[in-house]
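Produce the complete structure using the sequences and hints provided.
Protein chains in written order, with the numbering used here: chain U, 114 to 452; chain X, 1312 to 1627; chain Y, 1151 to 1492.
Rather than coming from a laboratory, the hints here were simulated on the basis of the structure.
Misleading hints may appear alongside valid ones.
[To be verified] Stretch-level coverage of chain X by chain Y, calculated; a stretch enters the list once three of its residues show a Cβ under 8 Å from a Cβ in chain Y: (1) 1538 to 1550; (2) 1613 to 1623.
[What the hints assert, rightly or not] Restricting the straight-line Cα-Cα distance to at most 25 Å, the calculated cross-link-like pairs of lysine-lysine (PhoX-like) are: (3) Y/K1349 with X/K1542; (4) Y/K1182 with Y/K1349; (5) Y/K1288 with U/K399; (6) Y/K1304 with X/K1625; (7) Y/K1288 with Y/K1322; (8) X/K1434 with Y/K1210; (9) U/K399 with Y/K1349; (10) U/K331 with U/K303; (11) Y/K1304 with X/K1542; (12) Y/K1276 with Y/K1304; (13) X/K1542 with Y/K1210; (14) X/K1438 with Y/K1210; (15) Y/K1182 with Y/K1324.
Positions of the beta carbon are idealized from the N, C-alpha and C atoms, including for glycine.
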Amino acid sequence: MIEFDELPIKAPLPETASTLLQLDNLKTYYPIRKGLLARTKGYVKAVDGVSLDIREGETLGLVGESGCGKSTIGRTILRLEESTGGAIRYRGENITSYPIAKMRPLRTEMQMIFQDPFSSLNPWMRVKDILKEPMLAHGKATNATAEAEVDRLLDAVGIPRSYKDRFAHEFSGGQRQRIGIARALSLNPKFIVCDEPVSALDVSIQAQVLNLLKELQKELGLTYLFIAHGLGAVKYISTRIAVMYLGKVVEIGTRDEIFRSPKHPYTRVLLNAYPVPNPHLRGREKIVVQGDVPSPANPPSGCRFHTRCPFVQERCRVEEPMLAAEGSGGHAAACHFAL
Amino acid sequence: MLTYIARRLLIFIPVLLGITIINFIIVNMAPGNPVDMYIDPNMSPEIAEAKKEALGLNDPLIVQYGKWLGTLLTGDLGYSMSSYAPVAQLVGERIMPTVTLGLASLILALLIAVPLGILSALKQNTKIDYLVTGLSFIGTSIPNFFLGLALIYIFAVNLGVLPTGGMQQLGGDGGLQDRIMHLILPTIVLATGIAGRKVRYVRASMLEVLKQDYLRTARSKGVHEFWVTNKHALRNALLPIITVVGMEIPLLLGGAIITEQIFQWPGIGQLTLQSMMSRDYPTIMALNLIAAIAVLGSNLLTDILYSAADPRIKVS
Amino acid sequence: MNDLLEVDGIETVFRTERGEVTSVDGVSFRLKAGETLGIVGESGCGKSVTSLSIMRLLGKNGSIRKGEIRLNGRSITGLAESAMRRIRGSEVSMIFQDPMTSLNPVYTIGSQLTESIALHLKLKGKEARKHAVDMLRKVGISRPEEIMNEYPHKLSGGMRQRVMIAIALSCKPKLLIADEPTTALDVTIQAQILDLMKKLREETGTAIMLITHDLGVVAEMADRVIVMYAGQVVEEADVFTLFDKPLHPYTIGLMGSIPHLDADDEEALSSIPGTVPPLQNMPPGCRFHTRCPLANEKCAAERPPLMELAPGHQVRCWAAQSDIGSAAPYAALNLETRGATT
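Set out below in structure tokens:
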């Protein structure tokens, strides 16, 4: 077992680290159908022009409130949703419209860990069969070799080997999430989309799973896209962080940049709204934004955050701000009046 | 809402066309034909052949279907090949008795099934629950002809309190009371099966609703348990019942065939059986068409009712 | 002068297919008028069952087997169901975790709001409606008249939780039990709801029992905190003492498990190894000893009582008791930091 003190996650990886996955103006729309002939009358713009680089070996945290499109991005990358526009490049190759046959070998490299450990595992399958299934399906192992692989995977995620004949429903939430991680690892992936992997777990169990994910990343050289609404988990695990609001990335930067010097008002609001586990800070100045997130079917004009922004100006209502990087550091905010 | 209904009605057209084509083929695949059924052993084959030719039975199927469809589009269902009466008139006479019987059975079935289903859910895993579930099982599995004959034996033959069949006293005045007396037994027979099936739906639906958070909210407000059940839970539990009741309407037509036969109820079911026996193609086709319309219509009605009852559902 | 709420050694049990299960085991605490008490713990620790025991909404299979609950000095444990109904929604009311499922989907907001107003305040028709509209306005809902006629599905999660708060406060309760009131909400909406609760608490003087797993929410809201583990209270202190100087190893573990936004590079979170033991199969001695880095033979054998180790600071831990006087308490408490369970 590795001691965690030995594995500092290096803050920003050097710029030279090669880009593993690149999103170029990615759009995922869901049509709204209405009327006599069910014609498309509009779109829910779940993801509306997102460009991101995910570098090899890093963890890119993706945060935002429900409905901001963060989960849709993860699902679109894995082609669980079809994109409406833009490109997804994996190791430089545009995989956006790969046919199923060509996508198949890539599926072993790109895996997903789901939020709900209770519904994402078939309760009537034995643990070893859950882990074997992807290996056999992709011809990565034979029945004979798969058994040894199962042991290796269970060791890696800290589930005793003796449990492999048990059914998924016999495990607690944290253990199931470990099994879900083991399943994702079974094909030796390079890239894992972690879609709110700890949100459904108890606090003390969250810490176990986050630590495990970090440890595995170090051991196996994994790259993560870590999607979450909880800032704590994102801060703990991420190298860089992208903040989303209504289908757009509003700010991107290294973990320290986002947490120490946020530029976008929405990022500041998010950080500020998070209840701090320190009663001495309860009197602190707080920015509480009013109202709800507008509907992604009909986003506001100009800057999408302008309806709730405490610093809104006239320009924000009409002109959409672009995500502009300052210098070469890559810290960028889509705000006319970035702080 | 109106656009929605219009769109659904528009979809009816190709569906009905498809159904009638399939029916036409199946009906014609059945051995025999109307002329053979009524053939007089003394009739010469030449005359029979001429008769067939005159009725158009020797035309290719596609031509026959075309002719049928053509007359249908003028609003004419054609003439019966066995009684020579207009099909529209034949069917028209039979439709009200079937609708009366169907509605009466459906209402009776719901009056039995809803309270029993709720009771069963509230008393889950108690003796009452087992009793109700057991009864519903019996109700579902008892054949209509058997229950019908048993009821006739008991109430008409032995006790003599109810008539054995028909819709009114022969030579009687056909007054309301008389008709109701005749309606009782067939209604009970049909309702038994429906109620048996519905009890389990109501029970399952109620059990699902009883787990919902909003009932805990109602209790935490100090609402009496009676109202928690009969106001907050019941309305939610009945929503899915609308769908299953809607599905029952076309089944009533089918279920009525046997029951109408047993009680000599002069409805669609009886007519169906008679026209099948005599290979009366135009009548069979008309009845099929009505059945198809009943299915599609009750589906549409179900969806409309559902959206009216559940504020969350907006048809579009 | 009695406290508003006195919970005295209650034991709540549930009948299950596999026998009787004790969910709450000897929980005692007091709540003064206007005070906010935070109850913290992870799923299955009994914090929600404790609150449902006070409301006596335990369902068919649950019952309070032992202990007493007093409201304003009057014992309510033995009250008839009809008397309990008069308390629910009027003297004590409750809001729940998931605003999406807590309102009845087939009745309007107005009808659900006026229901308890009619029941407890005996207001009818226009008067009840007027009071309901006032309540909606009070919880920060704009266009309250229109919202009265809306169905819940038209409202966002934050709006629904506001409606729930309006319902709960409509009959001026002395005590509001809030069971994870912001857990299902987004961060910015959570901040709005917490703000609203603080504002209304000042205006109405309602005492709040705030049940949550989120230490941030507790730090933000509570005057005093109870930490529960496996059906028992393991620590109780005022909120500052609890966060500054937690004494129970479980509390310390919980605090170590949350990533802090203001801390620099946290390389590893301290996590509590293992999982909560099942209620049917509690270990002897201290219930936490199987996961506790400080556990010794005494912990495995003897059940520690809740001990007052400093004024107002109660802890259920043998190690805390023996260490309290020493200069470096918990030197040994180098909590587990590895990812895997053992």
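Worksheet entry | Hint numbers not upheld by this structure, sorted from lowest to highest | 3
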